[in-house]
Amino acid sequence: MSQRANSYSDTVVSTPVQATTTKELTTTTTTKIRTRPWTASIILIGGLIALPLGMAISICFGAANIEFATVWNAIFHFDPNVSQHHVIQDVRLPRILGAAMIGACFAVAGAMMQGMTRNPLADSGLLGLNAGAAFMLAVCFAFLPSLPYMYLILFSFIGAGIAVGIVYGIGSMAKGGLTPVRLVLAGSALTALLSAASEGIALQFGIGQDLAFWYAGGVSGTDWNHLKMLFPWVCAALIGAIMLSRSITILSLGEDVAKGLGHHVRTIRALGMLIVLILAGTAVSVVGAVGFVGLIVPHLTRYLVGVDYRWIIPCSAVIGSLLVVFADLAARMIHPPHETPVGALIALIGVPFFLYLARKERRGM
Amino acid sequence: MNQAYFEIADQLKRRRYRTVMAVLAISIVVLFIISMNTGHIRLSPLELLRTAVGSGTDRQELILFEFRLPRMVMSILIGAGLAVAGTIMQAVTRNALADPGIMGINAGAGLAVMLFISFYETNSQASIFILPLVAWGGAGIAAALVFLLSMKRHQNLSPTRLLLTGVAVAAGISSAMIVLTLKLNPDNYQFVATWLAGSMKHTTWNYVLALVPFIVVIMPYVCYKSRMLNVLNLGEQTATGLGAHVSKQQIVMLAASVGLAGTCVAVSGSIGFVGLIGPHLARRLIGPKHQFLLPTAAAAGALLVIAADTISRSFSTDVPTGIVVAIIGAPYFLYLLAKSKS
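Residue numbers (our numbering), protein chains in the order written: chain A, 7 to 371; chain B, -16 to 325.
Keep in mind that the hints are not guaranteed to be accurate.
[As the list claims (entries may be wrong)] To be clear about the criterion: a stretch of chain A counts as covered by chain B if any three or more of its residues have a C-beta under 8 Å from a C-beta of chain B, and this derived list gives those stretches:
1. 123 to 137
2. 195 to 207
3. 226 to 236
4. 258 to 265
[Unchecked claim] Here are the simulated distance ranges between beta carbons:
5. A:Thr273 x B:Gln220: 33 to 39 Å
6. A:His269 x B:Ala321: 32 to 38 Å
7. A:Thr45 x B:Leu98: 39 to 45 Å
8. B:Pro169 x A:Asp85: 44 to 50 Å
[Stated by the list, open to error] Each computed PhoX-like pair below joins lysine-lysine, with the alpha-carbon atoms no more than 25 Å apart:
9. B:Lys231 x B:Lys135
10. B:Lys231 x B:Lys208
11. B:Lys272 x A:Lys181
12. B:Lys(-4) x B:Lys184
13. A:Lys181 x B:Lys322
14. A:Lys234 x A:Lys181
15. B:Lys322 x B:Lys272
16. B:Lys231 x B:Lys(-4)
17. B:Lys(-4) x A:Lys181
For the record, the hints were derived by calculation from the structure and aren't laboratory data.
Glycine included, each C-beta is placed from N, C-alpha and C at the ideal position.
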């Protein structure tokens, strides 16, 4: 079995520069999909229990530690006269919820991208999302410096959306339609273009460090208004992702297989992109490119539960949430009252782990 | 009959290759001449000619020989070097997204420079000499780290593992850089940011001299091995079947790529995009055979960087060359993608 699994991952993982896949695909169709529903269920249930727990712990600790009972009361028996209740309700709770939401967004978007493009390096950043959002932010910082926070988020999202639109448009304009390789290439070219442009703006106006500070802030600026605005979209997109997961599993076997099985590859891909845009666009515009979550969590999940996206997507959401919640906690704990940039922290935790996974390298896409 | 068909196809290919190379070479020469004339202080063509044969004023000679020529020669060398390094990476990893940066080169060099800047003075004369060395060291260490972490005993090098390791190491280094960024004072930050964006402002002949040996040794060697790259690009199993010592060849090729790209990045800052786009442009022009692809990629990369450098100098404020490379290179690349057949 392990021998077969190995040959499977060898044929599917890499995206060759020249398309030689048709021949290889015939071998993949005969291979059984490696999946572990039991592990996946345990992760889902365990994760859903651990998540509120983690959030509670995260609310307790911070610049000022608060007792658990106070936290409980603040959430369920809110007393406007107690100042700690205000800290919890107005500062910590929205921040933690934001962290959990963003983790799920990045992780699911990354998983979908890896499934759809069949490239192990893919994450939502590949669609030009991060660069588009960062570019708009640089433009806002340079030309409209007094813009309120809410509008910054909005503009970032618009930037992300435009970038995805361009990448998708250019990818599909070519004869032969949107292939994964073309998508990925268009994405990285546009990313290079937009980051060069924002770098240029940053250098010209001397706002590079301000931008870095904005990104380093992570989820600290989240309040209830943002959550109310973003929550319905994120929820809808997550449900959409789960509904689409079956098709993504089939798409991850290769376009030819998917077509052969009677799936509308273009429709699936367009829907998938839309969902990725909503999820990652929201997340990027709120916290900036904490992109490593989107890269690492799907790999971890695939390592744990196998290659079936019906399990990968929900499990990624849970694991992603947990990761960002705990990273945010750690970011506040390392040397209070200063905060360590949460993106840097996630990368620091994630890198050794990712290296370990890369060494094991046993996964298919 | 089949034989005849292949011969004709081969001849057509060679003719196309000659045409493409001729066009690229002429464009480089034309740009070179335009580039000599571009900059803060304009020199008329007559003045240029006079200066070039040695009868210009001291000021004109200084501008031409000490400021402009090293930069231009440097752009050509860097463009060619990075594009070839990128072609090698894409062939060895069989991934269209691979570029020398995937070995952690840019990130390693960037972190080394940032560390250096945060401990020492930026504007001292010494730093101009030490900086490339520091960057070179950083690039080398990062590449070695990626390589060691992705090796496994008794196993061949797996391209996927290499790519994933490279991404992970680069991400780790970048996050360390974010933390450092927040601690730098604004002046130093501006210096580092300019360096990272790939500015060739400080180029001197010394930099060019440091780069030349690498280019002269590694590039011909890689071209000599171009058939091996063709074989490696077919995948490990096929390559082994064709009698290649895959593991050894991969390592040699990677080392060549790192040597080229690391040195380029050390002297110029990270002009990373050339390594990604150069090979793709060349592939669209001439196809996937590496004996044609490598020289075409080198020429395309050189053209791109010297064009970018000329443009960057024609602005009154010095826009880093790396930024211009991306801004002119990416749209053209996107255009090629949009009109390409599958």
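Checked hints:
Coverage of the region 123 to 137 of chain A by chain B holds in this model, with 3 residues showing a Cβ closer than 8 Å to a Cβ of that chain against a need of three. Check on the region 195 to 207 of chain A: 9 of its residues sit with their Cβ under 8 Å from a Cβ of chain B, so the three-residue criterion for coverage holds. Under the rule that three or more residues need a Cβ within less than 8 Å of chain B, the assignment of the region 226 to 236 of chain A is violated, with 0 such residues. Under the rule that three or more residues need a Cβ within less than 8 Å of chain B, the assignment of the region 258 to 265 of chain A is violated, with 0 such residues.
At roughly 35 Å, the beta carbons of Thr273 (chain A) and Gln220 (chain B) sit within the given window of 33 to 39 Å. Separation of His269 (chain A) from Ala321 (chain B) is about 26 Å and departs from the stated range, judged on CB atoms against 32 to 38 Å. Under the hint 39 to 45 Å, the C-beta atoms of Thr45 (chain A) and Leu98 (chain B), about 42 Å apart, fit the expected range. For Pro169 (chain B) paired with Asp85 (chain A), a C-beta distance near 45 Å keeps the hint of 44 to 50 Å intact.
Between the alpha carbons of Lys231 (chain B) and Lys135 (chain B) the distance comes to roughly 14 Å, so the proposed pair stays at or under 25 Å and holds. For the proposed pair Lys231 (chain B) and Lys208 (chain B), the alpha carbon gap of about 13 Å is at most 25 Å, so the pair holds. Taking the CA atoms of Lys272 (chain B) and Lys181 (chain A), the gap is near 23 Å; set against the 25 Å cutoff, the hint holds. A distance of roughly 40 Å separates the Cα atoms of Lys(-4) (chain B) and Lys184 (chain B); the hinted pair therefore is violated under the 25 Å criterion.
Our distance criterion of 25 Å between C-alpha atoms is met by Lys181 (chain A) and Lys322 (chain B), whose separation comes to about 7 Å. For the hint linking Lys234 (chain A) to Lys181 (chain A), the alpha-carbon distance of about 42 Å lies beyond 25 Å, and the restraint is violated. Taking the CA atoms of Lys322 (chain B) and Lys272 (chain B), the gap is near 22 Å; set against the 25 Å cutoff, the hint holds. As the CA atoms of Lys231 (chain B) and Lys(-4) (chain B) are separated by approximately 31 Å, the hinted pair breaks the 25 Å bound.
Straight-line distance between C-alpha atoms of Lys(-4) (chain B) and Lys181 (chain A) comes to about 23 Å, which keeps the hinted pair within the 25 Å bound.
Consistency note: the structure conflicts with the earlier hints numbered 3, 4, 6, 12, 14 and 16.
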